[in-house]
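Chemist: Using the sequences provided together with the hints, build the complete structure.
To convert, note that position 232 of the sequence shown is 383 in this note's numbering; the numbers rise steadily by one, no gaps.
A few of these clues could be false.
[As the list claims (entries may be wrong)] Below 27 Å or equal to it, Euclidean Cα-Cα: the simulated DSS-like pairs (lysine-lysine) are:
hint, residue 1, residue 2
1, K421, K382
2, K228, K379
3, K402, K367
4, K394, K379
5, K367, K168
6, K168, K228
7, K394, K228
8, K228, K402
9, K356, K374
10, K179, K208
11, K374, K424
12, K382, K394
13, K228, K179
14, K367, K356
15, K367, K379
16, K374, K394
17, K379, K356
18, K241, K281
19, K367, K382
20, K394, K421
21, K374, K228
22, K179, K241
23, K394, K424
24, K424, K382
25, K356, K281
26, K356, K421
27, K228, K208
28, K402, K424
29, K208, K281
30, K394, K208
31, K402, K356
32, K402, K374
33, K228, K241
34, K402, K379
Source of the hints: derived by calculation from the structure; they are not laboratory data. Here the structure is a predicted model, which means the values were calculated and not measured.
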Amino acid sequence: MPIPQVAYFPQDNRDHKIEMVDLVQLSKRKSRLDHNPQQPHRVEFYVLIYIEEGAGKHFVDFTYHPFQAGDFIFIHKDQIQAFDLSHTLKGTAILFTTEFVEQLQAYMNFPLFSPYFLSDDKAPVFGPSKDVRLSCQNLLVELHQEAGRNENDNTILMSLFSVLIQLLGRARFQSDAVSVVKGRRRIDQFLTLVQQNYRQTRDAKDYARRLNMTYKTLNQICKAQTRKTAKQLIDGYVLLEAKRRLTLEEKSVQEIAFNMGFDDPSNFIKFFKRQSDRTPRQFQENSGS
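Modeler: Next comes the structure, spelled out in structure tokens:
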């Protein structure tokens, strides 16, 4: 059974690009959804979860990440996730679309915001300090109130959300803030290019040229920000996308190899085994596909 792909569809059917979902209500209405939120599913939008009460393990891209009260969980578009609703959780999930991200960048003077702003190589779970957490809780209350209005103001929603994200970003990357932000911007640009072009090239030098920098400079930025080389980041993304496709798509390994830009399926199998110590077929069998 392939992993379901979940599209963004607001509960109230209004044309909103951001939605607030109460975790208690999510648990109550899970039987009425077109997918089981407790089983792995791939989201076509972004999710920022705040855990007010409770603890558990959130499944993200084949790994379980422990969380507790006060934590935030960031899920990137196209990631595979599953909620842990085995125990009562109190909190909020903010769902938002690519269009909402573009609005933030264009209209809110927030050009540094990108889908990778809170995720990069770090774990998706982040527990800020008490002071930051209290500030974020107040913003979440205001977001809930504004989103629930019949005639809500998208500018207010964007303003509140951008402050929330900037507070979390500053708390997470608080050391040497200026260099971190500049480095993060370059990493964001690099990862976006990889996501868009990995089928055509997996050569780090090609991406360095597109970013108008030398391969050495790109490597230095990657190592400083993620402790990984540019090539390791490229291979890591390609491996992750391969795992997603192997679990999502009812296609042969050969078809997936060609769709991912490998000229010869044997090269795809070698790449996958070199990166994960098992073949694509073994991964499919172990993942229950």
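Chemist: For every hint, state whether the structure bears it out.
Modeler: Status of each hint after checking the structure:
Taken as a hint, the K421 and K382 pair is honoured in the structure, with Cα atoms around 16 Å apart against an allowance of 27 Å. Of the supplied pair hints, the one linking K228 and K379 holds, its CA atoms being roughly 22 Å apart against a limit of 27 Å. Proposed proximity of K402 and K367 is contradicted: the alpha carbons are some 38 Å apart, above 27 Å. For the suggested pair K394 and K379, the alpha carbons sit about 20 Å apart, so the restraint of at most 27 Å is met.
In summary, the hint linking K367 to K168 is not supported, as the alpha carbons are separated by about 39 Å, beyond the 27 Å threshold. Under the criterion of a C-alpha separation no larger than 27 Å, the hint pairing K168 with K228 is consistent with the structure, at around 14 Å. Annotation: proposed proximity of K394 to K228 holds, straight-line Cα distance about 15 Å (limit 27 Å). Restraint check for K228 and K402: the C-alpha separation of about 22 Å stays at or below 27 Å, so the hint holds.
Using a Cα cut-off of 27 Å, the hinted pair K356 and K374 holds, with the two alpha carbons roughly 15 Å apart. Annotation: proposed proximity of K179 to K208 holds, straight-line Cα distance about 19 Å (limit 27 Å). Distance check on the hinted pair: K374 and K424 sit about 24 Å apart at the alpha-carbon level, within 27 Å; holds. Between K382 and K394, the direct Cα distance comes to roughly 18 Å. Compliance with the 27 Å bound is thereby established for this hinted pair.
Using a Cα cut-off of 27 Å, the hinted pair K228 and K179 holds, with the two alpha carbons roughly 25 Å apart. Among the hinted pairs, K367 with K356 is consistent with the structure: their alpha-carbon atoms are about 9 Å apart, no more than 27 Å. A distance of roughly 13 Å separates the Cα atoms of K367 and K379; the hinted pair therefore holds under the 27 Å criterion. Proximity of K374 to K394 is assessed by CA-CA distance (about 25 Å); at most 27 Å being required, the pair is judged to hold.
Proposed proximity of K379 and K356 is supported: the alpha carbons are some 15 Å apart, at most 27 Å. The straight-line distance between the Cα atoms of K241 and K281 is roughly 17 Å, inside the 27 Å bound, and the hint therefore holds. For the suggested pair K367 and K382, the alpha carbons sit about 12 Å apart, so the restraint of at most 27 Å is met. The suggested pairing of K394 with K421 holds, with an alpha-carbon distance near 14 Å, which does not exceed 27 Å.
A C-alpha spacing of about 25 Å is found between K374 and K228, which places the hinted pair at or below 27 Å, so the restraint holds. Note on K179 and K241: the hinted pairing holds, with a Cα-Cα distance of about 12 Å set against a maximum of 27 Å. Proximity of K394 to K424 is assessed by CA-CA distance (about 12 Å); at most 27 Å being required, the pair is judged to hold. Our distance criterion of 27 Å between C-alpha atoms is met by K424 and K382, whose separation comes to about 17 Å.
Distance restraint check for K356 and K281: the Cα-Cα separation of roughly 43 Å exceeds the 27 Å cut-off, and the hinted pair is therefore not satisfied. With a C-alpha separation of about 22 Å, the suggested pairing of K356 with K421 holds against the 27 Å cut-off. Using a Cα cut-off of 27 Å, the hinted pair K228 and K208 holds, with the two alpha carbons roughly 19 Å apart. The straight-line distance between the Cα atoms of K402 and K424 is roughly 19 Å, inside the 27 Å bound, and the hint therefore holds.
With a C-alpha separation of about 21 Å, the suggested pair K208 and K281 falls inside the 27 Å cut-off, and the hint holds. At most 27 Å may separate the alpha-carbon atoms for a hinted pair to count; K394 and K208 meet this at roughly 20 Å. Taken as a hint, the K402 and K356 pair is broken in the structure, with Cα atoms around 32 Å apart against an allowance of 27 Å. Only pairs whose Cα atoms come within 27 Å are accepted, and K402 paired with K374 is rejected, the gap being roughly 36 Å.
At most 27 Å may separate the alpha-carbon atoms for a hinted pair to count; K228 and K241 meet this at roughly 23 Å. As the CA atoms of K402 and K379 are separated by approximately 32 Å, the hinted pair breaks the 27 Å bound.
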